[in-house]
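**Q** Chain residues, written in single-letter form:
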Amino acid sequence: MIKLIGRIALPTYFWIFVAWLFLPLAVMAAMGFRDSNFVAFPIQSWTTDWYRSVLTDREMSASLWVSLQVALISTAMGLVIGTPMAFMVARFTGAIRALLIAVIVLPAFIPIVVASISLRMFIGNFGFSTGIMAVAFGHAVSSVPFVVVMLLTRLNSMSTNLTDAARDLGADDFIVFFRIVLPYLAPALFGAFMFCMLLSFEDFTRSFFLGSFDPTFPVLLFAKLRFGFDPGLAAISTLVLIVTIALGLYAERFSRRRKLGNQGQVTAIGDNGNG
Amino acid sequence: MAETTPAIETRNVIKSFGSVRAIDDVSLTVESGIFLTLLGPSGCGKSTLLRSIAGFSPVTSGTIMVGGRDVTHQPPHLRPVNMVFQDYALFPHMSVRRNIGFGCEMKAMPKPEIEKRVDAMLDLIRLPAVGHREPGELSGGQRQRVALARALAPDPVSLLLDEPLGALDLKLRIELQHELKSIQRSTGKTFVFVTHDQDEAMSMSDLVAVMKDGRIEQLDTPQAIYARPATAFVAGFVGAANLIPARLAQLDADNALITVEGRDWQVPASRITTSHMPSAGDAITLMIRPEDVALGQAPEGALTLTGKVADQTFLGGRIHMGCETAGGTKIMIETRPGGMPDADGAIDFHFRPDAVAILSHSEKA
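Taken in order, these protein sequences are the chains called Y and E.
First residue of the first sequence? That's 4 in the numbering used here, and the numbers climb one at a time after it.
First residue of the second sequence? That's 1104 in the numbering used here, and the numbers climb one at a time after it.
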């Protein structure tokens, strides 16, 4: 009986769940090929015109460019702010460490709307203007916690003997940092980079509150929605989906490969935490 | 011996952590080309001493000399000693070649010279084919060999090895012990080796320093440490030891008269191995190894005791007996099977006077 459940029921359950996850996306992708001005079933005639038109749509490509700039700037800020913080936290243990992590991680738990409004007020009162830099600043605030946590996990898995060995062989602090510590952190840095990029790219709320007249991609989509769905929205959404999934899978594979490569080393030192 | 500079010298080194002295006034001279082992239980200060020599653990007071140079206040990267770590500490993102060449690179050696040196090292550890692999792709034994090559490559005055074989299984450990010893011989390098494993210390070292509570209890050859332990602690740590309470009745230049369980025996005065020379009337401890205790007819001059067998374990070629003497002292005996004791368990056993060691009573194991 149990065997039967294991062989049939569990896989069925799994595939139903998968369908539920991916069916809406599949419908969206298909809609992009509908030869009509409206999104509806059934699709009677097919066209690639929508895909072609969104690729040449200036408004779309301009918003994607804005989003990319915001993502790059905010990610750079997140990494520059988060990396030294991770090093600082790594020097503490026990209650102080827990407290520091709590403070750093807090922004991730503040409701995004609240955070956005507070940032908007902050910017207004201190004479900063809304726009790409403001949005990037808002995104950086939310990406720092992820940077710190990801780097900290990796740092924890690093044996102190690794830096000791380098110093022992004649490396000064500067060389130890650039030749040993940074390369060791590289997979985590790369993972944090990808994660922050995607986080920034998909953010709507902060971009909406902090942006000016150049909308980011999600904000533009929202603006377009007000005039109703058309297959062009489905087409551009599908393209964005494909690109982000490809990048995400690549990042995942990359960090997984690095992990496997280090696994022997990690188990050898009796430490199973890794980043 | 010719006048040579010692590879390593510590003078009155003290390392305090709060009120605890991890190293308590250690003065140690390691002559060049020697394989010296710091042996002791965990927490005896052996690793701290090694890390102090490497520069990772600044000393509270005292002087550390490496190759005749005072390095007490120098950071690790300026000291001409290299360490081999228990967890190997190979750089995971560098190839084996880059790992081995790292020290030479830091010394700003020209590239072709580094390459030659790395090749020589790979040959030395008999792993010429792994140069382009990453450490993660190697087995534990291979990694430890690479760690050794990496430490040897910059040609340090001395190698410091911190329980380097501790993470390996027994068979591999013994294999690497031999290899380590032969590499030490062929390179003529000074090795300072830290371990808590007495067999490892005995089989590899030219000299063993037994440590306890931050101090060196005894520094001597493995043979001398085993045969002539200076304290009851050393006797018990290095092999199994029977410790029998006794009293020194008389002492002259050649002989000592000792009283054990009401009987007087004559023992050569040279068997007084403790550094605190006892005087007549003092309580002493008589140390005898289990394999030096024999059963049956005692030859002339042998020390004889009577006791009862408490338990015995058959070990194939040997038999292990736990006995209790009439005076209540527990004695371990290791002997060949045969000559079984009487049914009531009463036996006579004896040992040669020149097999015992006379220790100071005040020092407990």
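Incorrect hints may have been included.
As the list claims (entries may be wrong) - Restraint-style ranges between C-beta atoms, simulated for each label pair:
hint	chain 1	residue 1	chain 2	residue 2	range
1	Y	Ala101	E	Gly1419	32 to 42 Å
2	Y	Thr247	E	Ser1119	49 to 59 Å
3	Y	Pro14	E	Ser1285	57 to 67 Å
4	E	Thr1290	Y	Glu255	38 to 48 Å
5	E	Arg1318	Y	Phe112	48 to 58 Å
6	Y	Arg94	E	Pro1161	17 to 27 Å
7	Y	Gly134	E	Gly1121	48 to 58 Å
8	E	Lys1210	Y	Glu255	52 to 62 Å
No lab work stands behind these hints: they were computed from the structure.
Bear in mind that the values here come from a model prediction, so they are computed numbers and not experimental data.
Using N, Cα and C, we set each Cβ at its ideal position, and we do this for glycine too.
**Q** Please go over all the hints and tell whether each is borne out by the structure.
**A** Going through the hints against the structure:
One distance hint, 32 to 42 Å for the beta-carbon pair Y/Ala101 and E/Gly1419, is violated here, with the actual separation near 56 Å. Distance hint check: the CB atoms of Y/Thr247 and E/Ser1119 are about 58 Å apart, consistent with the given range 49 to 59 Å. Under the hint 57 to 67 Å, the C-beta atoms of Y/Pro14 and E/Ser1285, about 59 Å apart, fit the expected range. Checked against the hint of 38 to 48 Å, the C-beta distance between E/Thr1290 and Y/Glu255 comes to roughly 46 Å, which is consistent with it.
For E/Arg1318 paired with Y/Phe112, a C-beta distance near 54 Å keeps the hint of 48 to 58 Å intact. For the pair Y/Arg94 and E/Pro1161, the supplied restraint of 17 to 27 Å holds, since their beta-carbon distance comes to about 18 Å. Roughly 57 Å separates the CB atoms of Y/Gly134 and E/Gly1121, a value that falls within the hinted 48 to 58 Å. The beta-carbon spacing between E/Lys1210 and Y/Glu255, approximately 41 Å, falls outside the hinted interval of 52 to 62 Å.
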